[in-house]
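Student: Turn these sequences into a full structure, and let the hints steer you where they fit.
Read top to bottom, the protein sequences are chains A and B.
Residue numbering for the first sequence follows the numbering used here, beginning at 3 and increasing consecutively.
Residue numbering for the second sequence follows the numbering used here, beginning at 56 and increasing consecutively.
Do not take every clue at face value.
As the list claims (entries may be wrong) - Residues of chain B placed beyond 10 Å of chain A at every Cβ, according to the derived structure:
(1) Arg86
(2) Ala97
(3) Leu101
(4) Leu161
(5) Val165
(6) Ile196
(7) Leu202
(8) Val207
(9) Leu249
(10) Ser257
(11) Phe270
(12) Ala310
(13) Gly315
(14) Leu318
(15) Gly333
(16) Glu352
Claimed, not checked - Which bits of chain A does chain B cover? Going by a derived footprint, with three or more residues having C-beta under 8 Å, they are:
(17) 106-120
(18) 170-183
(19) 213-220
(20) 235-246
Said to hold, decoys possible - Cβ pair distances, simulated, as ranges:
(21) B:Thr271 / A:Glu313: 50 to 60 Å
(22) B:Leu181 / A:Gly260: 38 to 48 Å
(23) A:Gln97 / B:Pro107: 31 to 41 Å
(24) A:Gly260 / B:Thr309: 54 to 64 Å
(25) B:Lys250 / A:Ala75: 29 to 39 Å
What the hints contain is simulated information worked out from the structure, not anything from laboratory work.
All C-beta atoms, glycine included, are put in the ideal place defined by N, C-alpha and C.
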Amino acid sequence: MTITSPPGQEVSPIAAPKAKSQGGGFLRYLITRFLLIIPTVFILITVVFFLMRVTGDPITAAMGGRLTPDQLAARIHEAGYDRPMLIQYFEYLGQIFTGDLGRTLSDNRAVTEVLTTYGAATLELAINAVIVALLVGIPLGLVAAKFRDRYPDAILRILAILGYATPVFFAGLILKLVFGVWLGWLPISGRADWETELTLTGLQSPSGIYWLDALRSGNMEAFWNVAMHALLPALALGLLTGGVFLRLVRTNAIGTLGREYVEAGRSRGVSEFRLTTKHAYRPALIPIITVMGLQIAMLLGGAVLTETTFEWSGLGFKLAEYLTARDFVAVQGIVVLLAIIVAVTNFIVDVVAALIDPRVRY
Amino acid sequence: MTTPTLPSSAGSRFKSLPVISHLRMSSGLQRGMLVAGLVLCAVFILSALLAPLLAPFGFAQSSDASGDFPRQAAPDAKFLWGTTSTGYDVFSRTLFGAQTAIWVILAAVVMSLFIGVLLGLISGYLGGWFDRIMVVLADAIYAFPSLLLAIVMSIVISQGQSSLFGGIMAAAISITVVFIPQYFRVVRAEVMRLKAEPFVESAQVIGASPWRVMFTHLLRNATRTLPLIFTLNATEALLTLAGLGFLGFGIEPTAASEWGYDLNRAMSDATSGIWWTGMFPGLAIVLTVMGLTLVGESMNDLNDPRLRRFSRKKAKRITQSAQAGASK
Numbered sequence: 003m004t005i006t007s008p009p010g011q012e013v014s015p016i017a018a019p020k021a022k023s024q025g026g027g028f029l030r031y032l033i034t035r036f037l038l039i040i041p042t043v044f045i046l047i048t049v050v051f052f053l054m055r056v057t058g059d060p061i062t063a064a065m066g067g068r069l070t071p072d073q074l075a076a077r078i079h080e081a082g083y084d085r086p087m088l089i090q091y092f093e094y095l096g097q098i099f100t101g102d103l104g105r106t107l108s109d110n111r112a113v114t115e116v117l118t119t120y121g122a123a124t125l126e127l128a129i130n131a132v133i134v135a136l137l138v139g140i141p142l143g144l145v146a147a148k149f150r151d152r153y154p155d156a157i158l159r160i161l162a163i164l165g166y167a168t169p170v171f172f173a174g175l176i177l178k179l180v181f182g183v184w185l186g187w188l189p190i191s192g193r194a195d196w197e198t199e200l201t202l203t204g205l206q207s208p209s210g211i212y213w214l215d216a217l218r219s220g221n222m223e224a225f226w227n228v229a230m231h232a233l234l235p236a237l238a239l240g241l242l243t244g245g246v247f248l249r250l251v252r253t254n255a256i257g258t259l260g261r262e263y264v265e266a267g268r269s270r271g272v273s274e275f276r277l278t279t280k281h282a283y284r285p286a287l288i289p290i291i292t293v294m295g296l297q298i299a300m301l302l303g304g305a306v307l308t309e310t311t312f313e314w315s316g317l318g319f320k321l322a323e324y325l326t327a328r329d330f331v332a333v334q335g336i337v338v339l340l341a342i343i344v345a346v347t348n349f350i351v352d353v354v355a356a357l358i359d360p361r362v363r364y
Numbered sequence: 056m057t058t059p060t061l062p063s064s065a066g067s068r069f070k071s072l073p074v075i076s077h078l079r080m081s082s083g084l085q086r087g088m089l090v091a092g093l094v095l096c097a098v099f100i101l102s103a104l105l106a107p108l109l110a111p112f113g114f115a116q117s118s119d120a121s122g123d124f125p126r127q128a129a130p131d132a133k134f135l136w137g138t139t140s141t142g143y144d145v146f147s148r149t150l151f152g153a154q155t156a157i158w159v160i161l162a163a164v165v166m167s168l169f170i171g172v173l174l175g176l177i178s179g180y181l182g183g184w185f186d187r188i189m190v191v192l193a194d195a196i197y198a199f200p201s202l203l204l205a206i207v208m209s210i211v212i213s214q215g216q217s218s219l220f221g222g223i224m225a226a227a228i229s230i231t232v233v234f235i236p237q238y239f240r241v242v243r244a245e246v247m248r249l250k251a252e253p254f255v256e257s258a259q260v261i262g263a264s265p266w267r268v269m270f271t272h273l274l275r276n277a278t279r280t281l282p283l284i285f286t287l288n289a290t291e292a293l294l295t296l297a298g299l300g301f302l303g304f305g306i307e308p309t310a311a312s313e314w315g316y317d318l319n320r321a322m323s324d325a326t327s328g329i330w331w332t333g334m335f336p337g338l339a340i341v342l343t344v345m346g347l348t349l350v351g352e353s354m355n356d357l358n359d360p361r362l363r364r365f366s367r368k369k370a371k372r373i374t375q376s377a378q379a380g381a382s383k
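Tutor: Following this line, the structure appears as structure tokens:
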């Protein structure tokens, strides 16, 4: 969640494979970068596994106090948690490779099923939030750059800091109070009314992303309902990320606005508006794509809090539920999935950045 | 340019302290932001220090001599900011919350600073396989959502719930694990750069041990940017603490007052239009984070000569003294 990224983050030997870009440079970059996902994911799985087991086995954590010591020991033995840690670890790794993450302890569901059921909801929230963030961040960032060090800029900078300083759950609380309770305009929890939810989940091969499903089935009423429910969570999470985008666009646009080619455009009589929105804007966008990748991690963390705030039944909401139930098998599964998502997104972002800007490839 | 002088008297040493020197350098809007940030930080620190004196009630007090406190009572003369659903006084809890926050911030930042800087120094200076492993590990942790990592850590440390000291330490350690990679990266990058400088080489030539080079020569030079990271991380520590508390992984409400936990409780109040239980702890978080961010931001801008703004008067003085220096 750093606003100013700490200096020195570009000096990372593993993130900078030195390959001369001649002919097959891009393919080589693609492969090297792809292979780098493996250690990242592997380390995270290992760290999470051992951390979660240091304090004891999941069954004692979930059932301790509710079962007699004998029953507990029997359950632990049955699940194999009394074997040496290393054997359990390698077994877990093997399971992950075959796509099996075990079964949850609290409600006995396959972890993979939990992930696919609730993953779509989190994806929907993340997409909505990114849309809000881009709609807010880019235009306002350009305005701030254009009016650098004057009042619009000062106000926008303070707003951006305010966006960063407000935890999503507090933003959510205010939005709920104002638009849900006092004005009564918008629903304050859930992803849709239950009738709508029933219609949408009853569709043939639903994607799980409600607005997409509603659009595909041409059900405008359901789409409207989903959109109304999605607005407040998307705002709460999107404004947080939007503040970061605003600052980034501002800094980069200030850099490009001062370039000679913009001055050349001005001397040719190009309008100030066009100079800002076309000439200075395009090159300022490249860093945003890179930072969006870094923001994914923050977005997922924020999603956990946003989903809990708005009772949005996605991965984060379930994660909080499983945490309360001390169901650490489920927690571990969700955390591993999120780790993979973060690693893969960073890969995609790096590739896109390399496609746009060949200098990244080295 | 003004001729550089060695800090000779106590006065000039005082003037060259981080925040003071920045304040002297600033002007206009930048000074406004810095001052606003400092004021907010001062309010935060003062309310933490003076909470026992200022708060009319204890943070877990739900009754006094005249009987039980009313539940969810609106703000009035006795309960300035109202009461919660468990009958606690919101004003007192918000004040005591600053205490918890400051403990966690200090513990987290000090621990991560110590470990992160140490690992960064060793890793950057010695290099080799240790460096490789540390970098891969730090990168993997850095890429991971910090809140999730903090959740995992708090499970490990306290199984989720704990007393005052245990809770504060659990939150602080959870946050520390997230921060170590950041300090590590910054210090390591600096050390890598400084390693090639002549003063390091000359120290090596006269036979200084690796430890001596690291701790007397490199440490001071590699930690220049840290005050800035400190303010940024303090905000992150506060937000992570609040996030943990909001998810129910913080400190028990009877052990200490914590803003995130109070906001969690306030969520259900909000649906029935009760605003005071959430608004005040929430505003406390926002204002504290804003204060710290404004200070950090302004210091960042002032450290960067390209972003520094001078008032007209000051700019004139600088050009004049530069001309005077050139004509001599």
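Student: CB of Gln97 of chain A to CB of Pro107 of chain B, is that within 31 to 41 Å?
Tutor: Since Gln97 of chain A and Pro107 of chain B have Cβ atoms about 53 Å apart, the given range 31 to 41 Å is violated.
Student: Can the suggested window of 50 to 60 Å be confirmed for the beta-carbon pair Thr271 of chain B and Glu313 of chain A?
Tutor: holds (57 Å)
Student: For the stretch 213-220 of chain A, does the count of residues with a C-beta closer than 8 Å to a C-beta of chain B reach 3?
Tutor: violated (count 0)
Student: If I take the minimum Cβ distance from Phe270 of chain B to any residue of chain A, is it greater than 10 Å?
Tutor: holds (20 Å)
Student: If we take the beta carbon of Leu101 of chain B, is the closest beta carbon in chain A still more than 10 Å away?
Tutor: holds (19 Å)
Student: Looking at Ala310 of chain B again, its CB stays over 10 Å from all of chain A?
Tutor: The claim stands: Ala310 of chain B keeps its Cβ more than 10 Å from every Cβ of chain A (closest is about 19 Å).
Student: Should the label of Leu161 of chain B as a non-interface residue stand, given a Cβ cut-off of 10 Å to chain A?
Tutor: Answer for Leu161 of chain B: holds, closest chain A Cβ roughly 19 Å.
Student: Three residues or more, CB to CB closer than 8 Å: is that satisfied between the stretch 170-183 of chain A and chain B?
Tutor: Since 8 is at least three, the answer is holds.
Student: Regarding the assertion that Leu318 of chain B does not contact chain A, is the least Cβ-Cβ distance greater than 10 Å?
Tutor: About 6 Å separates Leu318 of chain B from the closest Cβ of chain A, which leaves it inside 10 Å; violated.
Student: Examine each Cβ of chain A, and state whether all of them lie more than 10 Å from the Cβ of Ala97 of chain B.
Tutor: holds (17 Å)
Student: Hey, is Glu352 of chain B genuinely clear of chain A, shortest beta carbon separation above 10 Å?
Tutor: violated (7 Å)
Student: Measuring from beta carbon to beta carbon, are Gly260 of chain A and Thr309 of chain B in 54 to 64 Å?
Tutor: holds (57 Å)
Of the hints listed earlier, those the structure fails to meet are numbers 6, 7, 8, 13, 14, 15, 16, 17, 19, 20, 23 and 25, in rising order.
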